[in-house]
Structure formats: structure tokens, C-alpha cells
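Student: Okay, here's what each chain looks like letter by letter:
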Amino acid sequence: MNEGIAGKLAKQFINSKITPLLMVASLLVGIMATFMTPREEEPQIVVPMVDLYIPYPGAAPVEVEARVARPIERTLTEIPGVDYVYSTSMPDFALVTVRYKVGEDAERSMVKLWSTLMKNMDKMPPGVQFPLMKKVSIDDVPVLNLTFWSKTKNPYELRQSAAAVAEELKKINNIGDVEIKGGLKRQIKIELNKAKLQQFNVSPMQIARQIQQGNSQMTSGDFKQMNQEIVVRSGKFLESAEEVANIVVGIYGASPVYLRDVATIVDGPEEVNNYNFFGWAAAAPKGSVAGEYPAVTLTVAKRKGGDASVLADKVMSRVDGLRKTAIPSGITVTETRNYGATASEKVFTLLEHLLMAVVAVTIVVGFFLGWRGSLVVLASVPITFALTLLIYYLLDYSLNRVTLFALIFVTGIVVDDSIIIAENIHRHFAMKRQPKLQAAITAINEVGNPTILATFTVIAAVLPMVFVSGLMGPYMSPMPIGASLAMIFSLLVALIATPWLSFRLLKTEEGHQEEYDITKTGYYKLFNNILSPFIESPVKRWIAFGVVGLMLAGAIALVPLKAVQMKMLPFDNKNEFQVIIDMPDGTSLEQTARVAKEAAAYLKTVPEVESYQYYVGTNAPINFNGLVRHYYLRQKANMADIQVNLVHKGERKAQSHDIAKRVRGDVQKIALRYNGNAKIVEIPPGPPVLSTLVAEIYGPSQEQQIALAKQVKKVFEETPGVVDVDFLVEEDQKVYNLVVNKERAAFRGVSAEQIAQTLRMSLAGMDVGVLHTDKQLDPVAIQVRLPQSGRTSLRDLSGIFVQSQGMGTLTTRLRAGQMIPLSELVKVEEKIQEKSIYHKDLRRVVYVTADVAGATESPVYAMLDMDKKIQKLKVPGGYSVNPLYTANPTSEDKLSMKWDGEWQITFEVFRDLGTAFAVVLVIIYLLIIGWFQSFKTPLIMMIAIPLSLVGIIPGHWLHGAFFTATSMIGMIALAGIMVRNSVLLIDFIQIRRAEGVDLKRAVIESAAVRTRPIILTSGAVVIGSVVMLFDPIFQGLAISLIWGGVLSTILTLVVVPLVYYMAERKSDKPSIPKNS
Amino acid sequence: MISLLPVALALLVSGCGGHEETPIIRVSPSVPVAVESIVPVRTNGEPGTRELLLVPATSVFRNGELAGVLVVGADHQISQRWIRTGVVLQGDIVVLGGLDKGELVVGKYNPSLGEGLTVIKSPNVTEEVQNK
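Going down the list, the protein sequences come from chains A and B.
With our numbering applied, the first sequence covers 1 to 1076.
With our numbering applied, the second sequence covers 1077 to 1208.
Incorrect hints may have been included.
Simulated DEER-style distance windows between Cβ atoms [what the hints assert, rightly or not]:
hint, chain 1, residue 1, chain 2, residue 2, range
1, B, L1165, A, V232, 38 to 44 Å
2, A, R323, B, A1110, 39 to 45 Å
3, A, K669, B, T1119, 49 to 55 Å
4, B, T1119, A, Y258, 38 to 44 Å
5, A, A195, B, A1110, 43 to 49 Å
Hints in this document: simulated from the structure, not taken from any laboratory.
Just so you know, even glycine gets a beta-carbon here, dropped at the ideal spot from N, CA and C.
Whenever a hint applies, use it, and build me the whole structure from the sequences.
Tutor: Spelled out as C-alpha cells, the structure:
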């Protein structure tokens, strides 16, 4: 027999002293890499996303859309690399969100955006202010939340303490953004007294001007004298409330009017603009206090590439050091999020799973090859993984659930090469035809080349998954890369380390000297009994094929019968979820707080909930999901977020998704009682989307779109399993439009701007400067405003005055400074606030969103269900709306609807995986043609691929699991494994036939000889996958590998030899009768 | 129906409670605690243009900038409610947000009354009938 590459390699290393050294070195670098690679939970995703805030004061949404949003969108879509452009045109400003393709360089994207924007700023209408650009990235998601809460301290004091801690934390290396959510800032409030203002003839505008001018200080230059320079400075900054109070704002008679004469100056907390409370719930640790307390949350983000768990530990120890100094007694600091700890935990759980898989596989191998054989296999796994981890480290991957999953996934596969080699060496040692060394090398030569081929078929199977595009790409790509690398290393280990180990560990059994005869082995007898009848009788053979065909058809039929449902990814078992409450627009902060509190009071009683925190008027610390959904903009008075922290998943039976499902109804009932809408938001297992179900409604006009959206929303609500239905259309909100009587204003010498400014200052307040104090970390704003009690109704506006600008305006004969009551100049019109206009890729769109839970968990089925109902909807014009699935509508002249949300990603993933699978089949075919130099043989080998479906689909049905993206990955990988089994079988048949054995005997012999390695390798895959069965996300993969592996191995061992026999019969012996 | 009686009674004879010092009440969640007064949120003025929600000034407590009242629910349980307050009008505070008309609040705030306590109006305090 010729020596192949395998034999040559083995010969070099089997007795080399360098082999053990290489093995030890690989192990050491692997261990080092494991500890040096940053750990995090989610894979690194680079999706550059930029929010552009473009103020256009005074403009209505329609105007903002036409003049700002649309032109900007048009220019932005020109930028290469831009995937989507979204915009929202609201009264007074436009929000344009640009999303680049996954993997685009963030910095370069910003530069491109900036230059494009600059190029087009001259086309903006007058009045548009300079846009604010904010890059949104995954590293903005806080990894650590610390909640400061207290029985005795108020929100203002809490915020002061949190600010002091934040300042200290910023000194830590590698720390990202530190933010404070909730609490009240210190502010100098200048509460205007309308009566006094009128009495002293002072206007709010005048006050603002005087404060701004009085709060100034600058270096004026220097004097040079006597060989010295003396710096001259002038002015003085305002440093205290007293100084502000003593500013002269006007003259009354002959005496100055101080600010304190016309306003109350309060140095203290700002007006309440948020409610943030913390409380322990039913599953709180023992000794926790009941009730809920004012809270402030300090959020800590990490820098790009940093290790979340290291940072979290550093921050926590720093915070411990600050107790009693920056954190006064009476304030409790509770860790309400620690992604560092969860990441570490996840990583170590996965490593533990990895270890279990390796041990399980070793035990299986032990049954067949004895403990020495299993030791050989056991030693090869750590070396393979060590090298793979090293490559992860070198390629800047982090250890996250995807990269580690790749390792678990291949555990069953990487041992295969070693198993095949060790098994064959074992077999040859047992045969005792040659001296030990010679036997080993012969054994390696015999299986070496098919092993190399088999390894490449498996790599060919998984590698095309790299091409999964879109948001799912980063979740997928580390998998094929990791798995392929591990396969290559496992091959090297099998060819270098395994022979060395086998040669030393495997024993040739002493004693029986009889000649090895294959026909006496149990395997031969078994296969002779099974295969012979089929080989001899064509009828039986066809019946057998028919049965297999029926099984396959039956298995596939389970999918259209909905016995097995498709879903992209199932929910993971997390330790948190959020409740998002949206009250009708125009709801007061207190009313929203009341609903949030009531919902929280209910959530508190749920046995698995450990603590909760509600945020009203400010957003809860975001997660990756919130980032994509723009939850960081949830700062209006009608919005509340409740962060629900569950007890650790080890301490509860229910999965987080089940808890979320359980509480949904009751929480929604509470919100509904106040006309609000509550949603339960779970952390999605894969890439986040706007909502699981999204119907995008396009059409010729906003009214028609909204009308259709309302109907679609109704369809959503009526469909069982569809929950959390909402649409992005604001409720009607009353607005008072104060129309300036221009003629009268001109006659009085008052400009429209003056009126607008005065009103704004009175109602919203105006920051006229900051207090220059070095002790304060948060800037202390000086704000002019009417007191809370003085701005409750239109009548309160009656006492506000503006000053005439006098004859300088050339429109009045009044003297400058004359006080004109505002009520004289404006007329009140009551209106409904105009609704925001949404765009997606330049088209006007209205979104209807929902989630699925309960009756159906997979959006696709709900969509198919609703399609029929939507088609029946009546729209003006009398046509029917056919929901689109993949393409955008061709025109906006007619109403149309497109599905988006999770569907879009599901579609992309299954499309890309499907394409990958097709490519896989072609590559495998080519590889085998290259090896066997036949066009027919590869087809016979690939028969095993569809056979795996016989196991996979019923397997999912048995477990009651979804067929998910990970199931699909399992199926693809299995194709590689099954073809490898066929390669091993047919390769042996050909070797035997070349040695002159007749076809029938060669077929049976091959099945007999190869059964052990095939069962061993498939067994390793199956056993290695069992640990994954309990992980909600990887369950699908495990089922595919286990059931697909078992069934297709059994079927392969029978079907492939038979088909090969049929195909080769004609060329073998004419004596065998033709098929009747 | 019986459980509704005290509510109805309170609605009927609401008003500001007596003005003597409130003794510290020993709390026990199971036993209903008697309080001097439970008053409904009232409105002044004609319904429509200039309607204002009012609660007695004594019912409002403060924690820094936050202002709250103790609301008595239909099940007689106390819950804290944060409110936004306006001007004071003759012993009453105008409520700008957080309360609905007709809701019952504890007329005189007592820090020992905690969330979730059951309260009833103490019978031995005479109430003046509110003139609307």
C-alpha cells in the first residue's frame, strides 16, 4: 500500500520526541488564551447606527417631512454601506436614523455621514438648526447598573451621592460611559412673580438678558511693568443663589429692582421630572425591607473590546471603598444589572458543558476501545480546543455564547478523526498480522486519506454558514469559523498526536494467536443477516427502499401539519425582563407613575421576582434590544419602564419566557384600566428588531394609512397568540395654539419671536446660564420659569407681559419698555396635535407592531393566519391588500402592507442557510468526485443526507421543540458527518474489491468493519450533543444532531451499501440475475 | 356591600379632619387602623372651564421635591401616590396631577401609616359635612 500524507506524517511523529512537547505547548497556550480572551455574553456586533436630531422650531410634521426629512434621507441613501434610513418627522424636529450594513467600520461611516450632511446643509430651509449626530453602538449598553436607594434620603440627595460616585468611577481604566438615571439635579430656580413683574415694569426677557450678561468673566489682558506681567481679569461669575438674587434687573422710579424683588430664587432640586423607585419583591433575599423607595441608577458601560466581568469587579470594589465617604449611610447600593457576572457565568456554564460533552464521549469510546483507547481520544480533545481558543484570541474574538457554542457543537465531531485512527490502530493491533509499529502505520494509511477527505467534507458543510448576512451574521459567523478551525486542528492532532499516544497506550492483547477472520466477528454475522436478504431479493430491496421513502415523506409531512413549527430562535432563560408602559399622549407624569406603581405592585407579588424598579419620565437603562428599538428616547411624561429582575435561573423552575407570558395578561389589565398599553419586553435571543411582528403600511396618504393600520391592528388583536398589539400612531392630544395677532403686535412694537420666547420661558423654562461653583459635579443650571402653580391654565398666561421695543421698530409710537399684556396680542386656537410622520427608506409608513406568545410562538404562522383576514379588509378603491413578505411595495399609489420584524431576519437567515446548504452539497459532491474519480459514487454517498430528516423532524416533534436556525445548522453539519460515514463505507468496499473480493462480500464486510468507527463517531456526536439539550437556544441543534444522527446512521449502514450494490452490480458480475 | 359602607359614609361626610395632634399608631397589617379622616378628592368651581382638584393641605406629605398623599383604595388599603401640587387655597392644595376626582385620601398624613395597611375611619371623630 502506498503511503499517503497521513502515513508520512504519522511516521515522522510516531516516535519523535517533539510530539509530546508540541502537545504540552498547545495545552499551555490554550489555557493562557482562555483567561486572556475577554468574556462577554453577546457576540460582538458592529452595526453602525447614527441618530440625527434636526431641530426645525415651529414647523409642523408635514413641513418637517417635506423640507428636512425627505431631502436628508435622499442624500443619505447615496452613502455606500447604508442599509436602511428611517425618519420620524415630529412637530419642531426630525429624527433621522441611519443604519449601516453589519460590519461596516463605525468611524468611517461617521465620516461619510458627516461629509454628506455638510455637503447638503445649504439646501436646508432657513430656520433649520444644526443637526446633532449621535452614534449608537452596542458598547453604549450599560454592563453594570447600580441602584442607589434610601429610606431617608430624597431623590435630590440620591443623585448628589450617585454623581460623586460616578466621578470616582470614571477614574477606573477601561471604563466607558457612566450615566445617572433618575433623581433630581441641583438647580437655581428663578420663579417669576407675575404681579411683581408688572408692578416693577420688568419683563421675563429682560431678566434672562441681565442674568446672562451678569454671569460673565474673562481675562482682559495684562499690564507690563517693572519687569513683570500682571494679568487683568474682569467680571465675575455667579457663584451662589444670593449673587443671582442680587442682580439688578431694572429700575423702578429711582431705585434699582433686584431679581429677588420680582422672583423667588430657590437653590435646590429641580422641578420633579421623573419618578424612579426601587423595591424588593416576593423572591427578595431574606431580611430585605418591604416597600418601595426613591432610587437613582448609575449605569456603567464598557469600552469597546473590554472585558465586562473584569470591569464589573473593579467597579464593585471601588464602590465598596466609597461607602461612608461618597455614599452616606442610609443609602443602599444594590447591583441591579451585572452583565459581567452573567457573561462569566454563561462562559463557565458553557465550558462546563464542554467538559461534560468530552467526558461523555470518552466514556462511550471507552466501551468500544477500552480505557486505553478512550484515553487516547480524551487527550486529543483538549489539544484541539486549546489551539482553537488560541486562534480566537489571536483573531480578537471574545469568549461569548456563540464562540463557545461553536466548540460544544464540534465536540462530537473533533473526536471523530482521533476515534477513526485509534480504532483502526486498535483493530490492526488485534489482528496481529504485522509488528506493532508497522501495524500502526498500515492502520493510519488505511484510514488516513478517507479521514482527511471526511474532515474536509465536514468543513465544507459548516463553512458556507459564514455567508449568513444581516444582523444574524455576527451571531452565526464565529460558529463555522470556530468549527472549521477546530476540525483542522483535530485532523492534525489525529495524524500527529493520536498515533504517538496509540502506539504507547494501546496494547496488543497477549494470548490467542489464531488468525483474524472477519466472517467470525459479530458485526459480520449481523450484517450478513440483515443485508443478504436484501441483496438477494430485489423485491425485498424495493420494499425496504419504499419503507425508507415513506418514513422520509412522513417526517417531512410533519412540517405542513404544524406538528413541528418553525421559529428563528426560541427565548433564552434570562434573569430579567422589562415592562414598557405607554399612556395616551398628554398623560401627566404622576398619572403614568401611578400606573407604573400599580403594575409594579402586582409584579412584586410574582413569586420569581426578586426586585423591580420603575422609571417614569426617564428611560430604564437600555439593553441591546432597547438600543435598536430606540428605548433611550422614552423620556416623555406618558412613558414608564419597569425593570423586573428575577431570581437567578438556578433558583427557579419557570423559564423567564413562561413568567413573562404568565404576567402579561394581568399587567395589561392594569394598564388598560387607565387607557394605557403595557408590553412585556424580553431580551431577544438573537438580533433585536422593532417588534416580533411588524406590519408596515404604505399608501397614498397618511389618513388612509392610519385607517388601514387601525383595521390591521384590529385583525392583530383578534388573532389568538398575537399579544402586545400597538401601533406607532399618537393619540389625539389637545394643543392650544396661541396665534399672534401680527397687526396688533406690530402696532405695539412687539415681535413674534419675543412672544414665543417669553411664552417658552414662562412655561417650559429657560436655562439662562450655569452657576460657577467648583464643588458641584453636575452643572447647576439657572432657570427662569413661572412657578408650578402659576402655569396651569390659559388664564395664567394673562398676567404675562412683554415689553414694547419702542419706536426703533418703526411700527409703533409707544415708548420702548412699555409693558404689553400677552393676552392682548395672541388669540387661542384649540387644535389636535399633528401626528408624527414615519419614513422607512423614503416611503411613508405606519407601523403596527405585536408580539407572539401563547397560542402560537412563531410569528410565521400568525402571519399566515392574518393574511387571509387582511386580504378581506375593505379599503377605499375596492382592491384588496395583499401582504408582502420580502419585496417592498412597488408604488405608493395604492395601499399596501409588508411584513417585517423577526420575519425579515428569519427570512434572511433561512434564505442564507438554504443557499449555504445548496453550496455545501455541491462542494461535497466535488470533493468526493475528486477522491473517487466517479460521478455516480458521490450521489450514492449523498443519499445519507436526506435520510437525516427522518430523524430530525420527528425528533423535534417528540421534544415539542421548534425547528430553529440552530436546528438548521445541525442539519447542515449532519450532512457533512453522514457523507463522511458513507465515504468510510464505500472506501473500504473499493479497497476490498481491489483486493479481489466479490461485491456482495465486500459490501457486507465493509458494513461489518466500518460499523464500529461509524457508530463510535456518530455516538460521539450524539452523546456530545446531549448536554445542549437543556439549553433553550441550542436545543434545536442538539435534537438535529441526536435524532438525525441516530436515525441516519442506522439507515446509512443499510441503505448506502445496498444502493452501492445495486449501482455496481452491473459492472461486477454478469452472473447475478437482472432485476425482474 | 358592607365593605362599601365606610366608603359611602366617607363620601357623605367628607371634609378636613380634626386638628388635634395625631397619636402614633401602632401598625399591624391584619388589623384595620382607625384614622381620623378619609376624604375624597374634591373639585371646586363649576365643572368645565375652571375646575380644580383639591385635597386638604394636611393630607400632603413631602420627600424632598416629591409630594404625595395616602390614597385609600376600594379595599381600604393604603397606597402612596405621588402628586403634583399647585397653589394652596384656604387649607386645600390644588392637585395638578396624580389623583382623580372622588378618590379617597387620608385626610391627615401620618408617617406611621404604611403602604398596604387597611384603614377605617375612626368613628369617634365628628366630621363637618362638606359644603359643596
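Student: Against each hint, give a clear statement of whether it holds in the structure.
Tutor: Evaluated hints:
Taken as a hint, the range 38 to 44 Å is violated for the pair L1165/B and V232/A, whose Cβ atoms sit roughly 55 Å apart. For R323/A paired with A1110/B, a C-beta distance near 42 Å keeps the hint of 39 to 45 Å intact. Our hint of 49 to 55 Å for K669/A and T1119/B is violated, since their Cβ atoms are close to 28 Å apart. In this structure the hint that T1119/B and Y258/A lie 38 to 44 Å apart at CB holds, the actual value being about 39 Å.
Distance hint check: the CB atoms of A195/A and A1110/B are about 44 Å apart, consistent with the given range 43 to 49 Å.
In this structure, the hints that do not hold are numbers 1 and 3, in rising order.
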